[in-house]
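Chains as they are written, first to last, in the UniProt record's numbering: chain G, 1 to 482; chain Y, 1 to 482; chain V, 1 to 482.
Hints in this document: simulated from the structure, not taken from any laboratory.
All of these numbers come straight from a predicted model, not from anything done at the bench.
Watch out, some of these pointers could steer you wrong.
Note: identical chains are not told apart, hence a pair may lie in one copy or across any two.
[Unchecked claim] Straight-line C-alpha distance at most 25 Å; calculated SDA-like pairs for lysine to any residue: (1) Lys479 with Gly392; (2) Lys412 with Arg105; (3) Lys412 with Glu462; (4) Lys479 with His458; (5) Lys367 with Met247; (6) Lys438 with Gln175; (7) Lys377 with Leu180; (8) Lys217 with Leu353; (9) Lys31 with Ile251; (10) Lys377 with Arg473; (11) Lys479 with Gln178; (12) Lys377 with Pro454; (13) Lys173 with Lys446; (14) Lys31 with Tyr394; (15) Lys362 with Glu243; (16) Lys479 with Pro454; (17) Lys367 with Pro328; (18) Lys173 with Asp481; (19) Lys254 with Ala45; (20) Lys95 with Thr113; (21) Lys438 with Tyr172.
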Amino acid sequence: MIKFNNILVSLLAAIILCAPVSYTHANDTQKPNILLIMADDLGYADVGFNGSKDIITPNIDDLANKGTSFSEAYVAHPFCGPSRAGLLTGRYPHKIGAQFNLPTRGSHLGVPTSEMFMSKFLQNNGYFTGAIGKWHLGDAPQYHPNQRGFDEYYGFLGGGHNYFPEQFAAAYKRQKEQGLSNIFEYITPLEHNGKEVTETEYITDALSREAVTFVNKAVSKTQPFFLYLAYNAPHVPLEAKQEDMDMFPNIKDKKRKTYAGMVYALDRGVGRVVDALKKNGQLDNTLIVFLSDNGGKLSQGANNDPLKAGKGSAQEGGFRVPMFFHWPNHVPSGQRFEHPVSSLDFYPTFAALAGAEVPADKQLDGKNMWEAFKANKNPHQDDLIFLLRHRGGYSDAAVRRNQYKALKIADKPWQLFDIDNDIEENHDISAQHPLILKDMVREMEKWSWDNQQPLWFHEHYEGAHWRLNAMPRFEQTFKTDQ
Amino acid sequence: MIKFNNILVSLLAAIILCAPVSYTHANDTQKPNILLIMADDLGYADVGFNGSKDIITPNIDDLANKGTSFSEAYVAHPFCGPSRAGLLTGRYPHKIGAQFNLPTRGSHLGVPTSEMFMSKFLQNNGYFTGAIGKWHLGDAPQYHPNQRGFDEYYGFLGGGHNYFPEQFAAAYKRQKEQGLSNIFEYITPLEHNGKEVTETEYITDALSREAVTFVNKAVSKTQPFFLYLAYNAPHVPLEAKQEDMDMFPNIKDKKRKTYAGMVYALDRGVGRVVDALKKNGQLDNTLIVFLSDNGGKLSQGANNDPLKAGKGSAQEGGFRVPMFFHWPNHVPSGQRFEHPVSSLDFYPTFAALAGAEVPADKQLDGKNMWEAFKANKNPHQDDLIFLLRHRGGYSDAAVRRNQYKALKIADKPWQLFDIDNDIEENHDISAQHPLILKDMVREMEKWSWDNQQPLWFHEHYEGAHWRLNAMPRFEQTFKTDQ
Amino acid sequence: MIKFNNILVSLLAAIILCAPVSYTHANDTQKPNILLIMADDLGYADVGFNGSKDIITPNIDDLANKGTSFSEAYVAHPFCGPSRAGLLTGRYPHKIGAQFNLPTRGSHLGVPTSEMFMSKFLQNNGYFTGAIGKWHLGDAPQYHPNQRGFDEYYGFLGGGHNYFPEQFAAAYKRQKEQGLSNIFEYITPLEHNGKEVTETEYITDALSREAVTFVNKAVSKTQPFFLYLAYNAPHVPLEAKQEDMDMFPNIKDKKRKTYAGMVYALDRGVGRVVDALKKNGQLDNTLIVFLSDNGGKLSQGANNDPLKAGKGSAQEGGFRVPMFFHWPNHVPSGQRFEHPVSSLDFYPTFAALAGAEVPADKQLDGKNMWEAFKANKNPHQDDLIFLLRHRGGYSDAAVRRNQYKALKIADKPWQLFDIDNDIEENHDISAQHPLILKDMVREMEKWSWDNQQPLWFHEHYEGAHWRLNAMPRFEQTFKTDQ
């Protein structure tokens, strides 16, 4: 992070070394701040920069337009917990037993500590680190954000939260007074570094406020910062401020209207954080990454047009997400990047931007996509990008390579799409390219062999189902006619 | 341990340091000896101090009456192997894969060496340690008592043993002569530190004799001692000396009479060990803990009145056991402690009495109950105490919190008892307190998530059953109507 | 390895020390070279030294006749991958999760790196090491021969290979040109230390050539060598040179004729390697071990007479293999060793010959059989030798002790054979020796308890089958009437 003292020291050092130095030069060699903003269940088509017709996101769009937006950004899983585990570990969740959301009613489990989080890696390499918002990666002490590499944490450890403190705090209080101890995580108090806090603001606004606080604190450090700002919006429960819903008089559907209000509040938060960066002179030195953890949930107000299906699906609507990069002078302005990238790429990419080397024993499933990105080339030429979602007794699967996407849904045979020219997955071309399809399926089968058994299930019945059906039943998943 | 040489050294040291010292003072600051006596399948009502009307246990009663007896002492499991694994590791057996007895016909398995036994911990902290009697925690070299922290071991490694050497030695000899190598562990020779011995006494008397030998040896050391005296009596086979049975002319039932004789021999042994302690001036410096590993087996002569059911059950008769503490000047005399305690508490409690700190990476599921015990307060106020017993395709479960006990048996719905006022579990109050019940069940469900798969089964068919039924099937175990 | 410089140094050292020294003396105290030649699916009766009437193996026979052949040599498993895993790790494959062949269509799996291979051990102890031919123990980087203790590797990593380069290279090229990436491993290019090579010779001749190259290279080193020469011949596909088939004009059966030609080519290769040893003056200093990885496959031209069944079976034809040792002045000449030995014995035996100590934490399931072998005594007196082969829903099993072999096939009851006098397993004597049978089965049951779950299956459907049937179902495998 560029701060006055740093510049002074740099200048002095330059003078001593009798070497000329300029601000720009110093800037180029310094580690950038990284601000990773993650929305929750945000639809592909629900931001202005992806063409939303009803929801407005002026602050997000401003950044996206001054940076580069991505048309083919994939996350590692089509729902929350595994997608986040993938993002922060740089690994397919299937490789670390994190294919399911953590148990609904709590557990002592979490993403294995043997997997060093991106945050820990950046912390080890001189970053001041913060996480704000939803965690969903383990609430036992050893899995707490502060133990996974975040100097600062403000938020809630579960998989979601109600939005209005005056309502959820009252419900929580009533249950406590009845002597109950196992209370639904959506209504428990928020925390700051492990200490319960009394939050009073609408949660999206509260998280934005804390992000501003973090930025202000970070600039007093001599370190660059990494901030993981994980909004729970617009995840259910659908709860928006009236004033935010009032921004959308033309939306009549109650759910859509509420959802729109929630996105609007999120957008306001992004604006506030950007203001804080500007005020502190850090915007030019900060890579801002914005994305959703998975596709929007169609039954809860989201819109993934033109993608098929939504959250949970192996079709594009499940795991192709809205995304942009913003970093003046480093990220092309006004560009649309139309090659596939994966959230698994962030770990090695951020590592490279931080000038730090990932330990040899830390496995990563993505790759540093920065050079290809800067050259507007496909970072994943001939690579395979996988999506595997276990269901009750079978699995849905997808594998992407170059223009092709192979897709397996339920008990239907594998299909093949030219996804570059058929984004809607309408035209199955498997009959035209049987060997290509078979080859891609075989590659995915090969990939599957070192998947781990799930370390947990969202509900116990899922575990029983898994075992009774001898899951993963990949002999069915990877069956082809050839 | 206070011995003449020790006192002399202490006195000399005191003189050199010009500081006054008294025996009592020295005693207070010294680590006590710990004598942990465990009976096998002894019924709650089968000791005088718990009100037995037919069996007499004069030596046990004398200690119990001069110490404190416990009305609500729980063990970690309602049968042998897991209960002992829990006691010595301080962990619920479910957390370490030890939910079943080791295989009947032998194996190379045992309680994972990654779990430091209480004995190893005390040995590391200066104790001279001994185990005498039944082991049942692994008979491969790495699981041998001498490898788990016991300086001395005398006994048999399996899950039980016949009692009359003249009989079992002959049977063993016959089988050896036929060239057989896999001989039922109840009739194989006993051992001393891994070397086979020729035992000639009735086993209960033999174990008492060895305990006396250990005590005599221990007093020659400058260390305190920890002795784990694990009688197999009155576990089947029901074999008593005639003279001991003759003590119970009024007992007509053959099984009960034999059982009574076995308990009487055990009581005689306790008396002998106490005599050895007295003779060596160690009684006042020794914490004696006496308990059973689980409830009595009703079909084999035991009596758990007023508790329901017996060995193997999640009802009180399965895992609430007779217990006392004796330690002059430290344990209240003539007291009945009427709060719940757990055998899982021993590890941290003994550690505290030994003035030693448990390593941070050693997980413990109980707590140091000493201060609460001394203050006659509930050491487990608001805590949860669990009992989980896997059966063929389902599990029985119990959870205790304060006055409440929630109980799940087979496919019956969860029940709730005010166990403080309804020790017989007669009055289900679940309808009156549905939220309390649900809350306790949810807590147990939460606890269950990091249970481990069993590392072994008593018989292979149990393993097949486990897998065929997709056990543990907790979605059934923790189902509530609410 | 004795080389001129070594001798010179030895002589000089001897002179300095004023001690007489002779070549023979030096030879006795030096580590021998070890040449381990493994044929693939070679039948018990398909070498001259075991009495083949139609196939001639002059070079192999010459060595066998000048050395010692074995009538009761067992491998650890009746098919390829597990047998090789057993050989190189010194462990029953069931103990390390390697009970199945690696997946047909590739995986990132391999024999756990926690098991130090024999090659790594010998390399650590000063050997120059090479592997040539079939690997089949993992093709991900961490499982590559060069990572498992082989300084040199030439061959193919999969479970087999086609033999004629002009054919398989063309097929490979066609598939590559179609843009396919997952190509059948039998037709992919061979490699040298991880680098693809263009092989032009018939594969058996190519492997022989590389073995000669290795020997020539090894003699330039000051180290002894260990060469693991793993021919894929005469494993399918049945592909022989016409000139080799022409050696067998009397064999009319097409498969047998081709098979015979393949064996003949293998024999020619053995001759070439021996010539290289002779030329370099190393034959007298080299222990040559020759064996097959499992029994011959009866449907593919092999002959295991007089043994019952073949590859894959728990009968003798499945895992009793042709074997000889050759080492002038160390291995008796012209002897037939008629006691059981196991390929699991190689690891500790080679370690002893190398004068090196196996690390305490390296478990081994065999034993050093050298002293007993030299004394022509049974190295496995009273020991148990196991064979366990999992099938679809059940397991076949065999256990050998002294003259007895207990056998369990499918759902038939256990049988007992006096295998010393009934090599054909014709006369079930279980009724005469029920206690012996039961005792052996109980020992095998005891052995089974610490078997590991398979880490992989040849095909996914096998894994599903395994789980759906709650395998291993040992309660059925070890059921006896008694």
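Quick rundown of the hints versus the structure:
1. Taking the shortest alpha-carbon separations for Lys479 and Gly392, both the intra-copy value of 18 Å and the inter-copy value of 19 Å come in at or below 25 Å.
2. Taking the closest pair of Cα atoms, Lys412 and Arg105 come within 25 Å of each other only across two copies (23 Å); inside a single copy the shortest separation is 34 Å, beyond that limit.
3. Taking identical chains as interchangeable, the C-alpha atoms of Lys412 and Glu462 lie at most 25 Å apart whether they share a chain (22 Å) or sit on different chains (22 Å).
4. Taking the shortest alpha-carbon separations for Lys479 and His458, only the inter-copy value of 15 Å comes in at or below 25 Å, while the best intra-copy value is 28 Å.
5. In this homomeric assembly, Lys367 and Met247 never come within 25 Å of each other (Cα to Cα): the closest approach is 41 Å inside a single copy and 56 Å across copies.
6. Taking the shortest Cα distances, Lys438 and Gln175 sit within 25 Å of each other only across copies (12 Å), while inside one copy they are farther apart (56 Å).
7. In this assembly of identical chains, Lys377 and Leu180 lie within 25 Å of each other by CA distance solely across copies; the values are 22 Å between and 57 Å within a copy.
8. Taking the shortest alpha-carbon separations for Lys217 and Leu353, only the intra-copy value of 22 Å comes in at or below 25 Å, while the best inter-copy value is 47 Å.
9. Neither within a single protomer nor between protomers do Lys31 and Ile251 lie at most 25 Å apart by alpha-carbon distance, with minima of 44 Å and 76 Å respectively.
10. Neither within a single protomer nor between protomers do Lys377 and Arg473 lie at most 25 Å apart by alpha-carbon distance, with minima of 37 Å and 50 Å respectively.
11. Taking CA atoms no more than 25 Å apart as the test, Lys479 paired with Gln178 passes between copies only; the shortest distance there is 21 Å, against 54 Å inside one copy.
12. For the homomeric pair Lys377 and Pro454, neither the shortest alpha-carbon distance inside one copy (36 Å) nor that between copies (43 Å) is at most 25 Å.
13. Taking the closest pair of Cα atoms, Lys173 and Lys446 come within 25 Å of each other only across two copies (21 Å); inside a single copy the shortest separation is 52 Å, beyond that limit.
14. For the identical chains of this complex, Lys31 and Tyr394 are neighbours neither inside a copy (45 Å) nor across copies (56 Å), given an alpha-carbon limit of 25 Å.
15. In this assembly of identical chains, Lys362 and Glu243 lie within 25 Å of each other by CA distance neither inside one copy nor across copies; the values are 47 Å within and 53 Å between.
16. Taking the shortest Cα distances, Lys479 and Pro454 sit within 25 Å of each other both inside one copy (22 Å) and across copies (22 Å).
17. For the homomeric pair Lys367 and Pro328, the shortest alpha-carbon distance inside one copy (23 Å) is at most 25 Å, but the shortest distance between copies (57 Å) is not.
18. Taking the shortest alpha-carbon separations for Lys173 and Asp481, only the inter-copy value of 24 Å comes in at or below 25 Å, while the best intra-copy value is 59 Å.
19. Within a single copy, Lys254 and Ala45 get their C-alpha atoms as close as 18 Å, which meets the 25 Å cut-off; across copies the closest is 66 Å, which misses it.
20. Taking identical chains as interchangeable, the C-alpha atoms of Lys95 and Thr113 lie at most 25 Å apart whether they share a chain (14 Å) or sit on different chains (18 Å).
21. Proximity of Lys438 to Tyr172 under the C-alpha cut-off of 25 Å is restricted to the inter-copy arrangement: shortest distance 16 Å between copies versus 54 Å within a copy.
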